[in-house]
Amino acid sequence: MITIGNQQIDITTISSGYAPGSVEYKILSLLDSSPKTHSYSSIGQLQFELQLRSEIINASNELYRSRLAFRIFRDTMCNPAYWERTNNGGFLLKQGVRPSEAIQDIFINSSLYGTECATAMVIIYYKALLNVFPPQQFDRMFPSIYLMNWHQIDPLLREVGWMRPTNVYLPGDRRYFMNPDVDPMTPQWQGENVIDMGDGTYYGHGVGRFPPEIIISALNENRREDADESAYLLDTVGNPNYRNLYRYYERGLTAAS
1000 MITIGNQQID ITTISSGYAP GSVEYKILSL LDSSPKTHSY SSIGQLQFEL QLRSEIINAS
1060 NELYRSRLAF RIFRDTMCNP AYWERTNNGG FLLKQGVRPS EAIQDIFINS SLYGTECATA
1120 MVIIYYKALL NVFPPQQFDR MFPSIYLMNW HQIDPLLREV GWMRPTNVYL PGDRRYFMNP
1180 DVDPMTPQWQ GENVIDMGDG TYYGHGVGRF PPEIIISALN ENRREDADES AYLLDTVGNP
1240 NYRNLYRYYE RGLTAAS
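1000 is the number of the first residue of the sequence shown in our numbering; add one for each residue after it.
To be clear, the hints were calculated from the coordinates, so they are not data collected in a lab.
Computed from a prediction, not measured in an experiment: that's the story for all the values here.
Even for Gly, the Cβ is constructed at its ideal location relative to N, Cα and C.
Do not rely on the hints blindly, as some may be mistaken.
What the hints assert, rightly or not - Label pairs and their calculated CB-CB ranges: (1) Pro-1034 with Arg-1246: 48 to 54 Å; (2) Glu-1212 with His-1037: 45 to 51 Å; (3) Asn-1005 with Arg-1246: 16 to 22 Å; (4) Thr-1235 with Ser-1038: 16 to 22 Å; (5) Glu-1249 with Ser-1015: 40 to 46 Å; (6) Ile-1107 with Arg-1246: 26 to 32 Å; (7) Pro-1034 with Ile-1071: 37 to 43 Å; (8) Arg-1157 with Asp-1009: 32 to 38 Å; (9) Arg-1064 with Arg-1084: 34 to 40 Å; (10) Gln-1094 with Glu-1224: 47 to 53 Å.
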């Protein structure tokens, strides 16, 4: 069920603005049929979440098609024209560089970059936001960026590092495949951060875009010899704070008018 200002809405007036089968249409249908109440302050806030979730999937596809390499932290690499590689394998935005251009460069010159799956998720979120916000506003929102899994993430995106249990799964959610019996010689296969692509597949950097059974099979191939527990998909999700990000979006619309 969806409520706007504490009133349940008929989604037909909103869903008519989206093509049947589109990501936005699927999300609306899932929210509407959910036994849980999904509350929004305005239709604009709901439409913003639909747009950003769609762009998270678009950014995931862009990264999937890119030449970004999978590298463990000690072997990461980045374009020195935009980023400084830190000793722990993170990427720190260089002084004097526009944040929007630096994020864009990861996708333009992807062969110059390599990192692990958690940092790739953070890159996806920044790119999705850049697809929604004008570059000038993006630069004001994120004046300094440090790409390093969830530990050094900007406060505006900190919620993406928090996984919460749920029984409602939506396209654009961050999910996690756990590999409890991972081979200690390949700890990078202890799990896989993924984005729900909305079509029964999940994208994870290093594993690709596949249905869950294929990702589980890949993780199971990297278990210790006496392993007796299969990899599995956790029943938790991670998401940015859509409500908070919408406030910045609203300010941008007001400033532009």
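Here is how each hint holds up against the structure:
Range check, Pro-1034 to Arg-1246: Cβ separation about 28 Å, and the 48 to 54 Å hint is violated. For the hinted restraint 45 to 51 Å between Glu-1212 and His-1037, the CB-CB distance of approximately 29 Å leaves it violated. With their beta carbons about 19 Å apart, Asn-1005 and Arg-1246 fall inside the hinted range of 16 to 22 Å. Distance hint check: the CB atoms of Thr-1235 and Ser-1038 are about 21 Å apart, consistent with the given range 16 to 22 Å.
Judged by the Cβ atoms, the range 40 to 46 Å given for Glu-1249 and Ser-1015 is violated: they are separated by roughly 24 Å. A beta carbon spacing of about 30 Å between Ile-1107 and Arg-1246 agrees with the range 26 to 32 Å that was offered as a hint. A beta carbon spacing of about 42 Å between Pro-1034 and Ile-1071 agrees with the range 37 to 43 Å that was offered as a hint. A hinted range of 32 to 38 Å holds for the C-beta pair Arg-1157 and Asp-1009, which are about 35 Å apart.
Our hint of 34 to 40 Å for Arg-1064 and Arg-1084 is violated, since their Cβ atoms are close to 24 Å apart. For the pair Gln-1094 and Glu-1224, the beta carbons lie near 49 Å from each other, so the given range of 47 to 53 Å is met.
In terms of the numbered hints stated before, the structure departs from hints 1, 2, 5 and 9, listed from lowest to highest.
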